Amino acid sequence: MKTNKRKITALAGLLALVMLWTLAPASSAANVAGGTCKKVGDIVKAGNVNLICDRVNGKSTYYVSGGTLKYGYTGGGLVALNPNQISSGTQKPVAPLLFDALVRINAKGAIVPWLASSWTSTTDQKSWTLTLRQGVKFHSGREFTNSDVRRNLEWISDSANKSSQAGEIGKIASYVLKGRYQITINLKDANSQFPGALVFIYMADPLTLTNPGVINGTGPFKLSEFSSDDHVYVVNNRSYWAGSSKLDGIKVMRSPDATSALLSLQSGALDMVWNIPPTSIAQVRADKDLDFLSAPAFTGAHVLMLDTKSAPFNNVKARQALSYALDRETIFKTAFGGVGEISMTSTPIGLKDTIYASGMTQYTFNLDKAKALFAEAGVKSGDTLTFWTLAGRRFEWVAMAQILQSDLKKIGITLDIKPQETASWLAKFFPYSASAPKLYPDTIVANFLSPVPTSAYQLNAYTTGGNEAKWDNAEYDALMKDALSASSAAEYKAITGKMQVLYNREVPCVIPLLAANLTAYRSVVKGMFLLGEGTPQLQDAYFG
Amino acid sequence: MLFSVSVLIFVVLRLLPGDPVSIAIGAGHRGVGAEELDQYRTESGLNRPYSVQYWLWLTKIFTGDFGVSYFSQEKVLSMIGGHLMPTVELTFTALIAAVIFAFTLAIIGATWPRSFADRIVTAIASLGMAIPTFITAIILLLTFGIWFPILPTRGYMPFSEDPIENMRLIAMPTMTLAFAAMAPILRMLRSSLGDAATSPWTRTAEGKGLLWPKIVRKHIFPNALIPTLTVVGITFGRMLGGVVLIEFIFAWPGIGTLMVDAIFKRDYMILQATILFAALATIIVNFLVDIAYGIVDPRLSFKNK
Chain A
1 MKTNKRKITA LAGLLALVML WTLAPASSAA NVAGGTCKKV GDIVKAGNVN
51 LICDRVNGKS TYYVSGGTLK YGYTGGGLVA LNPNQISSGT QKPVAPLLFD
101 ALVRINAKGA IVPWLASSWT STTDQKSWTL TLRQGVKFHS GREFTNSDVR
151 RNLEWISDSA NKSSQAGEIG KIASYVLKGR YQITINLKDA NSQFPGALVF
201 IYMADPLTLT NPGVINGTGP FKLSEFSSDD HVYVVNNRSY WAGSSKLDGI
251 KVMRSPDATS ALLSLQSGAL DMVWNIPPTS IAQVRADKDL DFLSAPAFTG
301 AHVLMLDTKS APFNNVKARQ ALSYALDRET IFKTAFGGVG EISMTSTPIG
351 LKDTIYASGM TQYTFNLDKA KALFAEAGVK SGDTLTFWTL AGRRFEWVAM
401 AQILQSDLKK IGITLDIKPQ ETASWLAKFF PYSASAPKLY PDTIVANFLS
451 PVPTSAYQLN AYTTGGNEAK WDNAEYDALM KDALSASSAA EYKAITGKMQ
501 VLYNREVPCV IPLLAANLTA YRSVVKGMFL LGEGTPQLQD AYFG
Chain B
1001 MLFSVSVLIF VVLRLLPGDP VSIAIGAGHR GVGAEELDQY RTESGLNRPY
1051 SVQYWLWLTK IFTGDFGVSY FSQEKVLSMI GGHLMPTVEL TFTALIAAVI
1101 FAFTLAIIGA TWPRSFADRI VTAIASLGMA IPTFITAIIL LLTFGIWFPI
1151 LPTRGYMPFS EDPIENMRLI AMPTMTLAFA AMAPILRMLR SSLGDAATSP
1201 WTRTAEGKGL LWPKIVRKHI FPNALIPTLT VVGITFGRML GGVVLIEFIF
1251 AWPGIGTLMV DAIFKRDYMI LQATILFAAL ATIIVNFLVD IAYGIVDPRL
1301 SFKNK
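One line per chain: the protein sequences are A and B, in this order. Quick note: the working numbering has the first sequence finishing at residue 544, numbered continuously throughout. Quick note: the working numbering has the second sequence finishing at residue 1305, numbered continuously throughout.
The shape of chain B in the complex, shown without the other chains (with noise of 0.2 angstroms):
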């Protein structure tokens, strides 16, 4: 899978117009023609054949060595783990508080079907899905950042140096994704509690005599986060692309800043190594997903295959 994503990343960028000197030297600087540039590249090691280019990239990561950033000179990895810790943490902590949020709504409603409850929380996970991330930050900006100022704007602060700051700065980056987060897995989640509810082992539990918050522990809810744990899954993927946007309207220094500048500046080793960890991010955490299904319905477990 990850052969495979390097393979593509290498391919799709070199096929891309444009390359990391023209974008270095860049147009206007006088004196600067296309024999200068083709010294640059050689330099550069970007006038070799891209099956050697290629060879060499993956032959050198397996020894920890991602190259360096056409631009900074930096060593790639060294880019990369100054700017984890940022998205890691805006990531998880989007996730964590969309998962709790949208588990709160839905239990809300399936508690109390066709209520008016009910109905906000369908709304709300309508409202989720259909306002784009860029309006949702630019709405939290104005509330909380013009109107009733309580919250700083822009910036990152590590935890470590001043946690009461960072809590402060992670705020609305993380009410912006957990908002998109949510919604599919409040949708998933309530829908499916809906139908746990109302299921024959339901009926037979609540004839039996069972409690209902019984009911709902033993039965209903494990029942309902199977499918929920699938969107969690795939809602996490979905996450490592929407935290670009939000990275770059709260100027947060994470991957997905680094990954759009790569982009543009077609830094081909930021890019690559970027892409490949995003991938490897999202392998890790379906797996996870799959460790979680044994755990939640033990029929699922591999022990009882």
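The following block holds chain A by itself, in its conformation from the complex (with noise of 0.2 angstroms):
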């Protein structure tokens, strides 16, 4: 009996042991591989520093492992890594890591050369020659050169290829190669922005865009791993032509749940998380290991849609109405916890940019003028308008109509507040249709537009077909061919001066606020920054 009993102890104390040893942390130990490298990513210790093994050229070396970047991204969408058919803001901050650009954004906000050294254009802005950086190679060895980026833009301009990117490069009339690094764009219609353009459209191995199973580029990480919508495993392109990374390589996650997701970064499971709700500022705030990516300045917008074709948005004074109505001050610090750029004036462009016109007229909150003007365009106390927006996800759209629905019921307005799923909230508005346009009347649609960052682009969203208030303004679309064939910057500015005024004063799309989607990252990770519209730049990670 007692030997029995003896052999029972010993077993739950072995069985304690392994469930101990189950539960501990995995130890680091376990990567060290002796001081061999056995395969690529194994990890050697040499003294007090960590070795990585890569393989270049098809040699065995070391290098000091920087360690690797675990990256989580809330919802979904990271289908497909073809950089020049981007299908949703997931996929924008994995191609620069793999893919490089003509140009680049850098983290003062400015464009800058990248895989073009230079650029001229001629004087009527339709002809724009790039000169290439000289050699620069794709991973798989072979080198880049003008042939590629003509292929690259070929591919887009197709439209059955249904490039995401076809509407930025506009319409091309022919190509002019001159050597192996020089190329000549000659455009249907002129472009003084035309550099702007190509911040988005990546010179991918052209294999790349005919076949999704072949992804070559020339960007700081090779793939090493993609599971779709799931993970993406990128590592280190030792011979990347800018310097290769001080990181071993990025783990892109998929942590569908905001809430989890934040935890996960709290506990270290995760480096950064992309796309977090406004509702967790205060938590990210609170902890001292973590912080928020911040833009030079925010070029995404908030926007709140009105169907200018259908009452009563159909009547600017409608419009202007809402405008006053909103309480920007409150709906910022409330439902979008201060982070971004409040807009006092309803444009697209932000107080720091340099072409932001003075003297537009400032929308404050006036709830007796938004009375008077919404009774002039036929709203009157005990109306009820709605407001469209999605559900399970954006409750700063949620908190912002709360706050509407309050104000707007001083002055007898009811608002409905209908929070639907992607699909039907994307039925209602979309797409744009000129001969039959779908009409959304006495509802107001929040929606976020991050349009290419510059100037040119947040202007160009609200041209005739480019957007789904179904705005079409022929002096607004006047103006804007104008600002692309500026040959100055004074004189663009002039003009996008106009253009401001006037959106401001018909209001298509009221717009609460300039701001990005909201990235947390722990304090450790240094040497990134966020596009103005909400991309994250990984590229030159590090932990420091």
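FYI, nobody ran anything at the bench for these hints, they're computed from the structure. Do not take every clue at face value.
Taking lysine-lysine pairs in the DSS-like style, the calculated list, with each CA pair at most 27 angstroms apart, reads [said to hold, decoys possible]: (1) A/K333 with A/K108; (2) A/K126 with A/K481; (3) B/K1218 with A/K162; (4) A/K126 with A/K493; (5) A/K288 with A/K108; (6) B/K1075 with A/K251.
This one's a predicted model, so the numbers in the text were calculated from it and none came from an experiment.
Take the two lone chains, each set in its own frame, and fit them into one complex as the hints suggest.
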């Protein structure tokens, strides 16, 4: 009997030990490979320094290990890696890891040369000559040349490929290739801001564009593993032409639920999380180890889209009334946690932008003015408007709607808030059709617009055919055309100033604030920055 | 049954506003209008009559072709294959854990009725029923991920690649799912054991001088198990629904996540296939429960009918 008891006690003890071992955090010692490099990615210890094994030009080489950045994204949408067919914002931060563009936006928000080392244009702004950097190689080892530029631009321009970037570059008439490193792009329409159009145009191996299985770019990282809408692992491209990254690699991992993603960030399971809701701002601020990525200027716009083709918002006075009824300061502080840039003028251009037009009408919160203007537009006390927003995400829109609802109630107007899942939300106003417009009367639709983060694209989003508010203003369109033909910065500023005044008076979409999708990160990660519309730039990240 | 499910899901999905083409192309892309979307719909076969679409889908299923995702262009069957194992692993681990804990606690409660231990058991069952899974998950994440960081908070590792990491990763999702699944099983078994313990045949067995352990094993337990098995079968069906949320919270790349994505994106092919598989799994489990009745109580065996 005693022997049995001892056996049971010993067995229980052994089980407890196994359980403790199982639950204990994985030891880094498990990765130490005793000094011999068995495979790429193996870590070996040399004194106090960790070395990582990599293979360059067929030879095993050791580098000082910089660690692997664990990047989480909420929501979903990372279903493909073709950088010129982006159907979701989640694809945007991944593209510059694997691919380079001809130009790049730096941490100060300026457009700088990248794969194109310089450019010139003809005085009519229709012909652009780009000189390419020499010695740039794809991950496959093949040299990047002007024919790659041409093949990428041709692929994007081909409507059969449904490239999301087709609208950015506009129509191209022809290409002239000179040698291997110079290309002249002849545009059908003048575009003085053409380099800005190239920010999100990535140079992929033409094979990548036609075969999703081949991911070959010139970027600072190479593809290691990809599972659709689950994870992407990229590893350091040690032969990167601009100097290799300090990181061993980046693991882009999906964390669908924002609350648990944030907890994973706090626990260290993730180093950064993209697209967290503003409701989490306080939680991030309370943790001294966490911070938010910030942009030099915000260019993404939270907009309230109004149907300019049906009542009551086909009347400019109703649109102006809504602008006055928005308590922007309360909305900015309460719904958006004070992150972003409050817009008192309802234009898509931020205060920090050099082209920002001064002297525009300020839509300061004024319910009396709102009531009077609504009455002139036929919206009376007792009427009901609908606020169309998303369910389960974009909680800031619902909070904004509730503030507006409470204010409109004071002037007798009821606001019916209707959160919808994505497809139903989208079906209300999309697609744009000039011949058979989709009408959404009495409705305010919340949306987030994130065009290329340059002023030309922020303004271009509201030309005819470019917005689901269906605003078609010939004067605005003509000014846009003039702005793109401007021969100097001063002329461009003058014309875009007129556009802003016009937009602000007509308010096809009310823009209470400019902001970006929030990215929270652990303070130990350095070297990242945010583009104005919210895309994190991780290429130069490192652990500090 | 499966045919009805296939018709129902096909019809319901198409009654919802929006379609995969408009989601894939998305708003705000200049130059994409109604005409372009219609062209894409035609290319994808979405402009055909619903009856034709359904017939094509149904006939292809019999050849093992469940179609391709409108978004990733991957074959649906291979996508389900990639997501199936994590879900199967999580669901069965949680079901086994739920059954083990429910049985243990129910026996404790039944052995010492109206004792302090019995009250604790009742409280656990009530908590399991009352606390939403999401709250349980957050409590566990805070406890084992932040305050006492001994378990990873997210992700999945196949057992074949790293068994230890697999067990560490599955611990919290399993606890969350099992806690919710355990409650109805525990309540049913506890009350069935109580009923059986006070039944006339138990008193007769005691009167005949049988030892209590033998009475429990031969009389009380088999009788209490039959209604409990029914609850286990129903619980499994509920778990398939509950696992969706758990997978979302713990970034567990299973069928649930795939299904939720497909709903948001109106990826018809994935949704139709996953719901069909879920229905099939429920049918199989209920069939296994029916077989188990006969094993637990031979009087219910088909052989005796």
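The hints, checked one at a time:
Between A/K333 and A/K108, the direct Cα distance comes to roughly 26 angstroms. Compliance with the 27 angstroms bound is thereby established for this hinted pair. A C-alpha spacing of about 12 angstroms is found between A/K126 and A/K481, which places the hinted pair at or below 27 angstroms, so the restraint holds. Between B/K1218 and A/K162 the alpha-carbon distance is near 69 angstroms, which puts this suggested pair outside the 27 angstroms criterion. Of the pairs offered as hints, the one joining A/K126 and A/K493 holds, with about 19 angstroms between alpha carbons and a cut-off of 27 angstroms not exceeded.
About 25 angstroms separates the Cα atoms of A/K288 and A/K108, which keeps this hinted pair within 27 angstroms; it holds. Between B/K1075 and A/K251 the alpha-carbon distance is near 25 angstroms, which keeps this suggested pair within the 27 angstroms criterion.
Of the numbered hints given earlier, the model fails hint 3 alone.
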